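Novice: Given only the sequences and the hints, what does the whole structure look like? Please build it.
Top line first, the protein sequences correspond to chains A and B.
Under numbering that gives the first Met the number 0, think of the first position of the first sequence as 0, with each following residue one higher.
Under numbering that gives the first Met the number 0, think of the first position of the second sequence as 0, with each following residue one higher.
Just so you know, these hints were derived from the structure itself, not from any lab.
Just so it is clear, the structure is predicted and the values come from calculations on it, not from any experiment.
All C-beta atoms in this analysis are idealised placements derived from N, C-alpha and C, irrespective of residue type, glycine included.
Incorrect hints may appear among the rest.
The following residues of chain B were derived to be distant from chain A, with all beta-carbon distances above 10 Å [claimed, not checked]: (1) Ile69; (2) Ala94; (3) Lys95; (4) Pro97; (5) Ala98.
One-sided excerpt, in silico: chain A residues whose CB lies under 10 Å from chain B [as the list claims (entries may be wrong)]: (6) Tyr211; (7) His243; (8) Glu255; (9) Asp297; (10) Gly390; (11) Lys619.
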Amino acid sequence: MRKYLNSVSLLSVLVAAPLMTMAHAEDKLESLAKSENNWVMQGKNYSANHYSTLTQVNAGNVKNLKVAWSFSTGLLSGHEGSPLVVNGKMYIHTSFPNNTFALDLDDPTRILWQDKPKQNAAARAVACCDIVNRGLAFWPGDGKTPPLILKTLLDGHVAALNADTGAVVWKIENSDYKVGSTLTVAPHVYKDIVLIGSSGAELGVRGYMTAYDVRTGEQKWRAYATGPDSDVLIGDSFNKANPHYGQKGLGTSTWEGEAWKIGGGTNWGWFSYDPDTNLVYYGSGNPAPWNETMRPGDNKWTMTIWGRDLDTGEAKFGYQKTPHDEWDYAGINFMMLSEQKDKDGKTRKLLTHPDRNGIVYTLDRTDGTLISANKIDDTVNVFKKVDLKSGVPVRDPEYGTRMDHLAKDVCPSAMGYHNQGLDSYDPTKELFFLGVNHICMDWEPFMLPYRAGQFFVGATLNMYPGPKGNRQLAEGLGQIKAYNAITGNFKWEKMERFAVWGGTAATAGNVVFYGTLDGFIKARHSDTGELLWKFKLPSGVIGHPIVFQHKGTEYVAILYGVGGWPGVGLVFDLQDPTAGLGAVGAFKQLANYTQMGGGLMVFSLDGKGPYDDVNVGEYKAN
Amino acid sequence: MGVIRFATVLTAALMFGGAAGTAAFAYDGTKCKAAGNCWEPKPGFPEKIQGSKYDPKHDPKELAKQQTTIEGMEERNRKRVAYFKKSGKWEYDVAKIPAQ
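Specialist: Shown next, in the form of structure tokens:
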């Protein structure tokens, strides 16, 4: 009997053990993200790896992809981000005024509901880089509160809509466009919290990240990028594992006087989250103004990779990539999580982040320790290298910027060697598929006053293709590469006519999908980079593709509608090459390949789709 | 004459050496005053810009505007959320929210 009991106890322990090693209970959103029928958040899952396990479409048959159906949003200007797919519905967002549409995947003809916010048009005037928006977030509901679609508006509002009806459940003010503060960032939902970033560093906006209760819109915490530790939410445990990154008081002491109050550091990129560490990861943007001479100091904590507690906002670590920025390398790019063995064979929980400054950073995401920091391209010249031990980038003074001086041939340009594109990671191949920019610049700053609500840039730029592009033609502004974060090797690299601005999606079918500014969706072989398929879309792409399955058919969907920073010349009809913060000159050829648009295109093998039965969606007379 | 020539060469050498020296000591981000504080002024630029020709002369009233507007938004949101929790209805217009 005793023996029997013992063996039962032993059995219970054995059964319980694997459960006990699970550090967290999976929440509903996390499990929804695991179904390939869904694409429930912009990064696909909390790790934001943008990787689909689907194989119906693969390297062998991708050439048979055809359009299954399409949808026009009725708006022009840049269409960033991607739609969401949840429980058989697709949710589509647009540029300003940030309309939302819900479609039924069985019959996408009928718009299930639409939300068309009334916004003050004045918000448009303080958007630095086109009237874009990076997407929606979804929260699955809890029985009491219905499932929600979360959205941001350019004028600074955040709204939660009933995902079934589109009715507004709550709507709060996060940013005030009257002081130049706008919203283009996608909301990110983790557990029951929605995180909202900020925009406006080109208007001297001091950046902040805010967490709201997804059910009520109640503010849980707000963390600033600059200023006193109490505002930045820096406590005693901050950077304990890496004290050389800097710890207390630096949000004010690395600035002269009160310049931190208009110090930028907004965060309008992508976030990720690890339920085991309960940390949310994101990057803060560039300091203001662009004129470096007007803000002596390291300007902490702009340009920083953050690990913050989801529930309290307290920063566990912060690593500043670009101390005292001189090039507008806004450090907001995506944070992609992976588990890989480091060079010593130790399995580590990692975070990989290709920055505007031309360096791909990989950190241990439990404590912020630097693992690797490699150049995205060998033509990066602003930094000689990043010293992994001290964590500081070794600057080449020749390519710095300063007052009364015209800096030339600086690589990367302010648009970065990587910008807002949300890329992908194949965990089986341990490869990151990076959409890369190849743009360099000349830069000369000038003095200017700060007036709340007015632009506060203070630099004149000329941008042009990098050394591997064609500066006479103004083409060869982009690259796409497969990167290993541990070895630092690029498995393959391919040049593109224009910057690969929108990001990539990878699948287990050995395919990498991405859109191009000149209006293609392309598929490359993930092992070799060989171009396998492309399709000419109505307009250029600045969003990322998604891959999902509906009723047994695999679909690839992508938004088209050129714009964003590279499209400002085309969108606002600008000719002066230094206009559009210097982007007009670099992308002067863009208008010869594309015009504005706005919509969605959905692909499947042979175009299989909801209307294979031609009677679906037809009007039926009584 | 020979001496003068020598002196010229020496001056040139000193000047060249001086310039090279300046470049070597230019701000490269590796010389830190404290952990996380590695900024240095570039050659010819001041440690402090206040009072220099690069003084931004910020108006404290302008610098305060962002914080004021954030406090206003936070206060209005608090009222909206409190009423929502109480009534189950979302009222965006705080003027229409009944007094407690």
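Novice: Each of the hints needs a verdict: does it hold here or not?
Specialist: Each hint, compared with the structure:
1. Ile69: violated (7 Å)
2. Ala94: Given a closest Cβ separation of 14 Å, the condition holds.
3. Lys95: holds (14 Å)
4. Pro97: holds (18 Å)
5. Ala98: It holds; B/Ala98 is separated from chain A by about 20 Å at its closest Cβ, greater than 10 Å.
6. Tyr211: Since the shortest Cβ distance to chain B is 9 Å, the answer is holds.
7. His243: Holds - the Cβ of A/His243 comes within 10 Å of chain B, reaching about 5 Å at its closest.
8. Glu255: holds (6 Å)
9. Asp297: Holds, because the Cβ-Cβ distance from A/Asp297 to chain B comes to roughly 5 Å (cut-off 10 Å).
10. Gly390: With a closest approach of 9 Å, the A/Gly390 hint holds.
11. Lys619: violated (38 Å)
Hints 1, 11 from the list above are not met by this structure, while the remaining hints are.
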